Amino acid sequence: MSGAAAARQVGERLRAAEPLNAVLHWSQALLDAEGGRVDDMAAPGPLAAMPIAVKDNIVTVEQPTTCASRILEGYVSPYTATAVTRLRAAGAMVAAKTNLDEFAMGSSTEHSAFGRVKHPLDPARVPGGSSGGSAALVAAGVVPAALGSETGGSVRQPASFCGVVGVKPSYGRVSRYGLVAFGSSLDCISVFGRTLDDAARVLSVMSGPDPLDATTVDRPPMRVPEPLPDLRGLTIGLPEEYYPPDLHPGVAAALARVRNLVRELGGELREVSLPHSAYAVPTYYIVAPAEAAANLARYDGVRYGPRKVGPDGDFRAVYQATRGQGFGPEVRRRILVGTYVLSAGYYDAYYRKAQQARALIADDFRRAFESGVDLLLTPTTPTPAFRAGEKTDDPVSMYLADIFVSAISLAGLPALNLPAGRSEGLPVGAQLIAPSFGEERLLAAAAALERVIAAEAEVR
Amino acid sequence: MGERVSIGRDEVRHAARLAELAVPEEELERLVSQLNRIVDYVAQLERLPTEQMAEPFLPGPTAAALREDLPGPVPLAYPPEALAPEFADGFFLVPRHGAMEDA
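Chains A and B supply the protein sequences, listed in that same order. Residue numbering for the first sequence is 31 to 490, as defined by the numbering used here. Residue numbering for the second sequence is 255 to 357, as defined by the numbering used here.
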């Protein structure tokens, strides 16, 4: 299909998907320009005329980047993220900038300054978060792939809720240049796909070292792997801590089915233990807010964004008024928690302790993989998508929606969500986790499962 | 964390000052309650024995921190003055720093 035709089609689908509130910026004119640019390319590349939605915390010159925050309302970046530049060079078209939890802080996309995103299968439910807009657009069939970002599960969790593929690469695999910083030791641009192949092709193009991000690892870009015909010779670890007795019955049934499929495909299952994963959520909610408190210090009403002048009119009043009025409740909470755990008298008790816990969590994974396990299999989320409003009054209950995804982020490992069936009509996901820079085997093995999983079938 | 005390209004005000964040008085009580809930939850880390540990974990390439810091061109589509609320003669303009001038 030509770029021009693809631009028209995706424009129609974006209009039809407006009730989801998944998009913050798009225009047919920009889409047509993207289509024309692709049609003018001599060799459009592996993603020729593929429309891709981009989470609105990844900067692009042509559209605003708001991070779904009032504090960046109207902000247009003077440069484009490396990941987006690489996708465009491979023929992809930026279709839209998508809605998110403000500054990627949330698990339901209810914490957007521009309204919540609705789950495509049930508008009363959330699509997960923080990359809920991107997840919803892929699930609704608007785009075959979309970029999200992960700090602690913000692609895998919404992928699970929406029934799409979500892949988080190893920390350092994809450049963070142009991803608005939240927790810099955790942040990863990640990808949603309708299929593993769509996600793998996008990830492959984005990956590889970038001189503009010193934390990218000097390894060649990821190749798109050939799907494995079966799982013979692979040992899949089942970490007991990720299968609690009170797991949602639909999630438990879906994972039981996946384990059966692993065996039918010739894979070996082995129980393993990741004892420190039990501390992952509390560790994450010290490390991430601490890094966020530092990263978000730059939003001060001086260099960009709207300025609110306080009643006293001096510049501290400008800082305080701009930040107080510009950030929403969840961002303010996290800045306060992050500032508190870093403040004099509390640093050792909280931040240093969390850094040590993080080392123990990462070491558990290292030992599991060294014991001969190739991949780990867990649920992605403890429940299917919950109802809007269900968890907004209690921040900790919202945080626990990420209980199976945050340890992997702390350890910097690659992992993905594979749709694994439905429970009462709602998608349920299985999570596969690989050693650092093991994306190719992860994707190849997952593709063997993808072929045989009836992802839209009821599991119980 | 053994001598942890619960967070009160003063602790929230102090953190808000450090973070340069205006917190309206009417929101304070709710924030006190939410921050206590969060800090009580993360305090479960105190059960984890870590005394023998020295090195914190950092992801990514260890060489990154030692790389030479060489300046290079980063082309921008717009100059800083197009982004800032106020900009003149190469400077970001801000309201007067009242506290400093009074001192």
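Treat the hints with care, since some could be wrong.
Unchecked claim - Among the chain B residues that face chain A by a calculated CB cut under 10 Å, a handful are:
#1 A273
#2 V277
#3 A342
#4 G344
#5 L347
#6 P349
Quick caveat, the hints were computed from the structure, so don't treat them as lab data. Predicted model only: the values in this text are computed from it and were never measured. Heads up, the beta-carbon is just placed ideally off N, CA and C, and yes, glycines get one too.
Verification of the hints:
For B:A273, the interface hint holds, the least distance from its beta-carbon to any beta-carbon of chain A being 4 Å, beneath 10 Å. Proximity of B:V277 to chain A holds as hinted, the smallest CB-CB distance being about 7 Å (cut-off 10 Å). A hinted interface residue such as B:A342 counts as satisfied when its beta carbon comes closer than 10 Å to some beta carbon of chain A; here the least separation is about 13 Å, so the hint is violated. Against a cut-off of 10 Å between C-beta atoms, the interface hint on B:G344 is violated, since the closest Cβ of chain A lies about 13 Å away.
The interface hint given for B:L347 holds, since its Cβ lies 9 Å from the closest Cβ of chain A, which is under the 10 Å cut-off. Hint on B:P349 holds. Least Cβ distance to chain A is approximately 5 Å, under the 10 Å limit.
In terms of the numbered hints stated before, the structure departs from hints 3, 4, listed from lowest to highest.
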